[in-house]
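Undergrad: Got two chains here, each in a separate frame; can you build the complex from them with the hints?
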Amino acid sequence: DQQVKQNSPSLSVQEGRISILNCDYTNSMFDYFLWYKKYPAEGPTFLISISSIKDKNEDGRFTVFLNKSAKHLSLHIVPSQPGDSAVYFCAASAKSSGDKLTFGTGTRLAVRP
Amino acid sequence: DVKVTQSSRYLVKRTGEKVFLECVQDMDHENMFWYRQDPGLGLRLIYFSYDVKMKEKGDIPEGYSVSREKKERFSLILESASTNQTSMYLCASSLLPNYGYTFGSGTRLTVV
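Chains A and B supply the protein sequences, listed in that same order. The numbers in the numbering used here rise by one with no breaks, and the one at position 80 of the first sequence is 184. The numbers in the numbering used here rise by one with no breaks, and the one at position 107 of the second sequence is 113.
Be aware that a few hints might be false.
Unchecked claim - The list that follows gives simulated cross-link-like pairs (lysine to any residue, SDA-like), each with its CA atoms no further than 20 Å apart:
(1) K175(A) <-> I154(A)
(2) K204(A) <-> T92(B)
(3) K141(A) <-> P183(A)
(4) K158(A) <-> G106(B)
(5) K204(A) <-> V118(B)
(6) K9(B) <-> F150(A)
(7) K204(A) <-> E62(B)
Just so you know, the hints here were simulated from the structure itself, not pulled from any lab data.
Okay, chain B solo, but in the shape it has when bound (with noise of 0.2 Å):
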């Protein structure tokens, strides 16, 4: 079974503080995602990569950055943690398009 581990399952950080959360999968998949759910949105993309070194922004980057250094391991940054980036953080990975995601059990992140 593929396995999605994202670092914290639990985190609580200040306004402005610098934020890393991060995944890591173990199936060499190349397809990586962040989401945020959040009740009453859903899901929510923030960034993916399809490569190594290769990131693209999903539908609310602002605020947030990634890295994807090694294969396996895609981090998400929040550079300047605010209030409103209080939520529920989940990180998927898939082999192929239309492959369906396996998804991380999820980092709730609160920000005060």
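So here's chain A without its partners, still in its complex pose (with noise of 0.2 Å):
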């Protein structure tokens, strides 16, 4: 059973434009949300956060949105970049299940140049 699910598996965008990456889960107990980044042979590395207090997180030219009602969150990178090429996972924890992470499938990010 997926409790986070990455419904696209890729997505390309040209340099410059906005990239959207989607996220959905369905464990209500879910109050902490993270995105990673990983490039090949890498380990993934911490992104962004986001608590389920906020609705909105920014960093840079990342920003994390959550809507807990639709138990959905998405990360937008504006603008994109051709470096931000990688596979991005958001991940979920939950305090009653000791804040062990979640992971999602993966989104395959590609940006043209």
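TA: This is how it looks when you write it as structure tokens:
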């Protein structure tokens, strides 16, 4: 049972445009959400996070939006750059389960020059 | 910067072998985790540990065990390797809950 879903396995965007990566979850106990970026042959690196008490968090070109009623979060990258090409994983945790992270299946982003 | 080091980048083992994957972190983190990454399945949690000598099963513990004798070292053990354990294995550590994980570079294990 996939509690965190990323329904788009891949996304291609022109350099300079906005990239929007989506993530849906089913567990209403999740109260903290994170995005990780992964390059080939490297471990995932933390990108940005959001607590369930917020609906938006911004860090430079990256913004995460959380819609709790829809159990949906999205990552916006503006403007997109070729170096952003990677696999992006969303992840969620719940205090009731000891804060371990449940990851989505990932979305491969390709930013075309 | 926190460093999480996995001892091998690539491993090839035979079916039935006992396999040890080692992970060491250098920042005194309490929490350590083992995930495997497979295409279309994302990262799935195998085992985790919140303290020395403590271990808890994740979502897919079957066929695996772990050892944490020292705070900085968390080992994943494949008791009898099988071809369906061919995967990318990722170790991670974290300081506090919800602080985000730091991952190692991964070990790509092939079981033939």
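Undergrad: Now tell me, hint by hint, if it's right for this structure.
TA: For each hint, the structure was consulted:
1. K175(A) <-> I154(A): 13 Å, holds
2. K204(A) <-> T92(B): 24 Å, violated
3. K141(A) <-> P183(A): 16 Å, holds
4. K158(A) <-> G106(B): Distance of about 17 Å is within 20 Å: holds.
5. K204(A) <-> V118(B): 32 Å, violated
6. K9(B) <-> F150(A): Holds, because 14 Å separates the two Cα atoms, which is no more than 20 Å.
7. K204(A) <-> E62(B): Holds, because 11 Å separates the two Cα atoms, which is no more than 20 Å.
Of the numbered hints stated above, those contradicted by the structure are hints 2, 5, listed in ascending order.
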